[in-house]
Each structure stands twice: as C-alpha cells, then as structure tokens.
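Please arrange chain B on chain A, whose structure you already have, making use of the hints.
One line per chain: the protein sequences are A and B, in this order. Once you know that position 230 of the first sequence is 230 in my numbering, the rest is easy, because the numbers rise by one and skip nothing. Position in the second sequence counted from 1, then plus 249, gives you my numbering.
Treat the hints loosely; a few may be bogus.
Unchecked claim - Label pairs and their computed distance ranges (CB to CB): (1) B:723 to A:168: 34 to 44 Å; (2) A:101 to B:282: 31 to 41 Å; (3) B:713 to A:230: 10 to 20 Å; (4) B:748 to A:235: 23 to 33 Å; (5) B:723 to A:75: 36 to 46 Å; (6) A:155 to B:264: 57 to 67 Å; (7) B:544 to A:1: 58 to 68 Å; (8) A:2 to B:657: 39 to 49 Å; (9) B:678 to A:168: 41 to 51 Å; (10) A:4 to B:289: 28 to 38 Å; (11) A:4 to B:748: 22 to 32 Å; (12) B:542 to A:101: 41 to 51 Å; (13) A:168 to B:275: 46 to 56 Å; (14) A:109 to B:524: 36 to 46 Å.
Calculated from the structure, these hints are not laboratory results. Since the structure is predicted, the reported quantities are computational estimates derived from the model, not experimental observations. Glycine included, each C-beta is placed from N, C-alpha and C at the ideal position.
Spelled out, the chains give:
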Amino acid sequence: MTPPASGLKVGLFATCVNDLMFPETPRMVAQMLGRLGAEVVSSPKQTCCGQMFTNTGYVKQGLQTVEAYIDAFSGCDYVVGPSASCVGSVRDQHSWLTKDHPNLHQEAVELSAKTLDLTEFLIDVLNVDDVGASFPHSVTYHSSCHSLRITKLGDRPLRLLRAVKGLTLIDLPDADRCCGFGGTFSMKNPDVSIAMATSKAKAIANTGAQFVTAPDNACLLNIGGILHRQQARIRPIHLAAILSSKESA
Amino acid sequence: MTAAPIVLPRDADGRLTPAPPPGELIDMPRFPVNAKHELANTEQIGNLERATATIRGKRAARASEVANWEELRSAAEAIKNKVARNLDHYLLEAEAKLTAAGAQVHWARDAEEANRIIVDLVKQTKAPEVVKAKSMVTQEINMNEALEAANIAAWETDLAELIVQLGHDRPSHILVPAIHKNRHQIRDIFVREMGIYGTPAPAGLTDNPTDLTAAARTHLRNKFMRAQVGTSGGNFLVAETGTLVVVESEGNARMCLTLPDTLISVVGIEKIVPTFDDLEIFMELLPRSSTGERMNPYSSMWTGVTPGDGPQNVHVVLVDNGRSTVLADPITRQTLRCLRCSACMNTCPVYDLVGGHAYGSVYPGPIGICLTPQMRGLHSAVDLSLPYACTLCEACVDVCPVKINFPEVTINLRKDVADHKRHDHRPHLETTAISAAGFFFAKGSRFTLMTKASSLFGRLFGWKRYFKGHTPWPAKVWTSARDLPVPAKQSFRAWWKKNHERS
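Chain A with its partners taken away, still in its complex shape (with noise of 0.2 Å):
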C-alpha cells in the first residue's frame, strides 16, 4: 500500500520558538510525516512567522519575516507547522502585511493558503485519524485561542488523541479561555498574565490528570512555567509527541 502522504513535497516549518527551545517537536513531525511518505524539506532560510512582530506593532519587522517565509518555502506542495498559532499569523497576516509589495503579495498569498497545522495535513490532506500512535495515559487537552478562533482546527486535535491507543482523554473546564501567554502580551502586561496562567494551570492540575497537551509549545510554555514552579504533577507535552508515541502500557 502506498503510504498516504507519498508524492507530496513538504516544507517543514518549524518556527522560531520550536527551533530554540523544543526542537524535539519539529524533529518528531519530520519523522512522522516522513514514515506517512513525504518529502519532508526543511530550509535553514525559515525564521518566524512574525507575529511577535505584527502583533506588538512592528509591522516593518513583521513583512521582513514573511520575506524569509517564502524564500524558505516556495515551490512546496504543503507547508506544515506544529503550531496552530504560527501557521494562524501566516495564515491571517501575510497577506495584509504584503498588501502594498505587489512583488510578494501573490507569493504570500498563495503560499498562506498551502501552510496547515500538522493536524489539518493529517485530517484534511491525508485523511488520517489514527497515526498509529501509543500513549497509554491520562491527557487533558487545552485548545489554544488561535487554534480555535484563528487556525480553527476545531475538533481535529480530540479525533487524533481519540485514536491514541492506551489515551484516556479527561475534559478540560473552560478550555476555550485564554491561558495569558499573548507572545509580548506576557512580557507587557506580567501581573495580568500571570493571574491567567495561575487559574488556567489550576484548572489543568484539578483534572488529575497525568499530562496536559496543546496544539502550541507557547502556550504550554506558559502553563508549564506555573506548573513547574508549583511542582505540579501534570507535565505539559506536545500533541505531535503524544501522536509520535509508540510506548507500550
């Protein structure tokens, strides 16, 4: 049987903050779109998606990384990203941020319209539910504000971790409130955000359970902050960790 994905060139975005701090994500979605058959590409020319930029009103700084953008992934069938709030700022802001650069405006558009979080190129493109993955814990799931109102991944993310084998899934309360990070809006505002992160991590640890997952290392770096400090059981991971996972109970 030919894998689902084979055939098909994608570019790896891996975004700033994955390539930094939590490299091991991109690394894992490169191995898991390469075992479902693509070419998986990923250019050193790729920086950010800019929305640190944009959204604190360095709008200059922005276009400069949609510049890097498609220098690092034109030609691409798909690019994906591990991020539903980058592949959102792509998705939503290049094209405003080209608008008056004709050279790269059409460039920015067509390639925002190819950019999918890893859960739309699996869902969407491939038509894949179940990736094979085992991961026999209990996970609470936090859907990111972008990915739900931006990216809206809708329920993409629960029917991946739904075929996790061994996952026992434990609602989240309040899951679409906001968990304070807000890129510079964490940096700006520190005592407000700080209060969001500290009820949304009490919500996360009163679920009991063992792990709490994110389409977004952002957010998770936020909760995960709190809950660290407080020694907290629950860990934060990644949803493409849980759906590279081959641990067996």
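Frame of chain A, contents of chain B only:
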C-alpha cells in the same frame, strides 16, 4: 402649576451629589500599573468572576437559539457600515425629522461643548436637579460633574449607577456598572449614604436583593415625582422618523423619559439607524448579546413632542467628541458600529480579572482598549498602554453582535503606538530590543547565528534545565512566577543540518 422651590441639602464636602474619586480617568497610570492594583482586590475578582460567568452563559444560550443569528450579525454590520459611509446625510435627515416633530437639536463638537449646552438648557428651566436615565455618553462627557459645578444635582436612577454614585465610585462595566460590588457592600453603601442625599435607607436594611431594591425604589421615588428635567442617552436614533430608542431592564429610564416636563437626550452621532425597519435586527441582537434576554423588559421610543403627553420640551444633543476622527480611518472605524452591549467585556479574560477600573476609561474591555485611544488620541500614558491590554485571544470576536474585528483594530493601534515611540525622540528599550530582534529574524542566515548563541547558552546552563527566578531583564519578567526552560543544546536547524545535509 408651580411647585415650591426645592432647596437641596449639601453634604460634608459642600456638594449636592456624592463626589466621585478624585482625578480624571485620562490621567490614570498605565494599564499594567492599574491592573496590578486591581489584582490585589481578591473580593472584587470573586465578584467579577461570578457575574461574568453567569452573563456569558445566558448570552450563549440566547444567541444559540436563534437560527439565523449569523445572518442577523452580518445584517447589523452592513447597516452600521452604511451609516458610517453616509453619516452626514443621515444626521441631517435625523435633525430635520426631529425638528419637524417638535424637538430641538443641538450639535456638540466635544464634551465641553455638550456640557455647556446641557447646563444652559437646565438653567433655563430653573430646576435645581435632573433625573438621569442610564447613559454611557453622559459618563463619557462627565456630565454629572459639569452639572454639579453649575449647582445642579444629577441623580443616577439606574439601580447599579445609583450604587456607584452613592458609593463615591466609578462604574466598572458599561451594562452592570456595579459588577465589582457584592450585596453586602451595597447594603453598607445604602445605609451610609442614602440619608445624606435624600430618603434614607429603612432601618435594619438587610442585604437581601429584594430589600435592597425596595430601598432604592423608595429613595428614587421622591426624586422622580418632583423632577422637572430628565436626561437620557439613546440606544438608537432612527433617521427616517427622528425616533429615539432607549432599552432597559428596570423601568427607571421610562420614568426619566416620561415624568419630567423637559427631556434632554444626549446621543453619540454614531447611534443612527437609517429606517424604522432596521430596528428589528438590533432589537433582536442587543438584548440577547447584552443581558442574555430574549427581549429587554422596557423599550421606550419617542419622536419629538406629543402634545399633552410626556415631556413638552424635548432636546437632543448630538455629540461628536472624537467620533468623526475615528470615522476618518476606513479600517479602524468599525468600532463606531458598537451598540454598547458589553458582550466583549463579559467574555474577555483580561477584563474578568482586573475589572473596569483598570482601563482609565468609561469603556473598558475589548471595545474600550480600541475606542478610547481612538477617540481621545494616543497621548496619555494610559491611552498608549490600552491597545496592549489584550492577549489577542479573540474570544470577543465571536460574540460581538456587529462583528467588530477587535484584533484588527488593536494591532493597527499598536502600530500607531510603535510609530509614536519611534518618533518621540526618546529612547525606548522595547523599540531597541524589537529592532535588534527584527534584524536577526529577517534572514535565515542571521537567525542561524542566533540559534548558535542560544544553543551555547543552553549547553552552559544545561545542567539547570529550568531558570527559576533571579534572572536578568527581560527573563525576570517571566521568571517572577513561571519557571523557564533552558534553551535547547541543539537547535532544530542544527539537528536537521547534521542529519539531512550530509554531502
């Protein structure tokens, strides 16, 4: 019939009405400073969380039962956009219809001019006081204090506005201004203050909501019965008929609109809807979005003067106060669609924790951080900080009945703040840091250098795994409460190069 002249008592400060907290909202410190102050008030956080969770649930239930809810939102958006594009035409149409119906129309460029007009109108009646229907625009122009300065008492008659006024406080929400108070606190305010400004609270008043409401009713009843002048805002002004609309829950606005002989309605120029038929869309959207009710208990509509029935001197003050400046930008003028329903702040996780007082603005929450700096301009410390009082979680986008794209406006305002910082000839750490980061993020090759530095750092501190505080700026902002993982010893790109680019 001429009543005996009323002589109003003065309080210990020599005032007719309770003094609000000193200072102007616009002079408040930056949002993060105010927010820190509010976060220390744990009783308030509890009050807010309970109230917003309830109202969020009610709104969601009432919106989800309308099959064509999304179509209604789109229709409302389209109508309000049409109003914005043709505002000059509709305003003149409204003025002509109001005048023909016996109302007098006054135009006010700003708060000062509006207050001057209102004070003059009240002085002409020789009345020492006005009864006020709840209105946001009169809060915006600070009408109460302008009247007090002219020795005229403005009595809030909305229950929550009354609580706030008697509490020497400021509203913290546009729909439920006393949302930050619980019933024990309200009882204490009534017992302490009512007697100074009118009918005292009954002896032995409990904190039972029914008793509190009865005390407010008794306190207000005297004021209603003797009032010669009423003031109101307006939720809508129908251009084709000159009809003003006020929707409310309590019936107190209805008293203000019908009992006094003189009625002064203060209305923002964006409150226009073109036709009476358009109202049906907004009357469906507004109560469901706002109080989470299928319809609001009282809807008052009036068109100028009806001889022998209700107020015989009807004035309408149309207020700009920065709105035409907002109108000038085709992208960010969408905030003028706002109906003041409060759904955005009820769903905002930032508002939920800090409450309305942190915003230095009568409009808090998502609409406040957009509209206030737009109307007042990006000049004061608080206005320059407001566009950043948001995580861009976009929860507000889903609930806005007129589909305001808050993050679009917010990011545009942040761009203006960043430009302002670049051009004010003062050093800004943020601008320098972001420009430096921008250099490294602009090209993959430069970013690779950055990952090498970061990995070196990771190897040096790798034994720690986490930074747990005692870090230098900017990391210390993060590590005051959150542990921060040490950067990876090998970046993703280094791993990729090693494993995929052998040659």
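Tested hints:
no. : hint                       : verdict
1   : B:723 to A:168: 34 to 44 Å : 39 Å, holds
2   : A:101 to B:282: 31 to 41 Å : 39 Å, holds
3   : B:713 to A:230: 10 to 20 Å : 18 Å, holds
4   : B:748 to A:235: 23 to 33 Å : 27 Å, holds
5   : B:723 to A:75: 36 to 46 Å  : 37 Å, holds
6   : A:155 to B:264: 57 to 67 Å : 58 Å, holds
7   : B:544 to A:1: 58 to 68 Å   : 60 Å, holds
8   : A:2 to B:657: 39 to 49 Å   : 43 Å, holds
9   : B:678 to A:168: 41 to 51 Å : 47 Å, holds
10  : A:4 to B:289: 28 to 38 Å   : 55 Å, violated
11  : A:4 to B:748: 22 to 32 Å   : 23 Å, holds
12  : B:542 to A:101: 41 to 51 Å : 49 Å, holds
13  : A:168 to B:275: 46 to 56 Å : 53 Å, holds
14  : A:109 to B:524: 36 to 46 Å : 39 Å, holds
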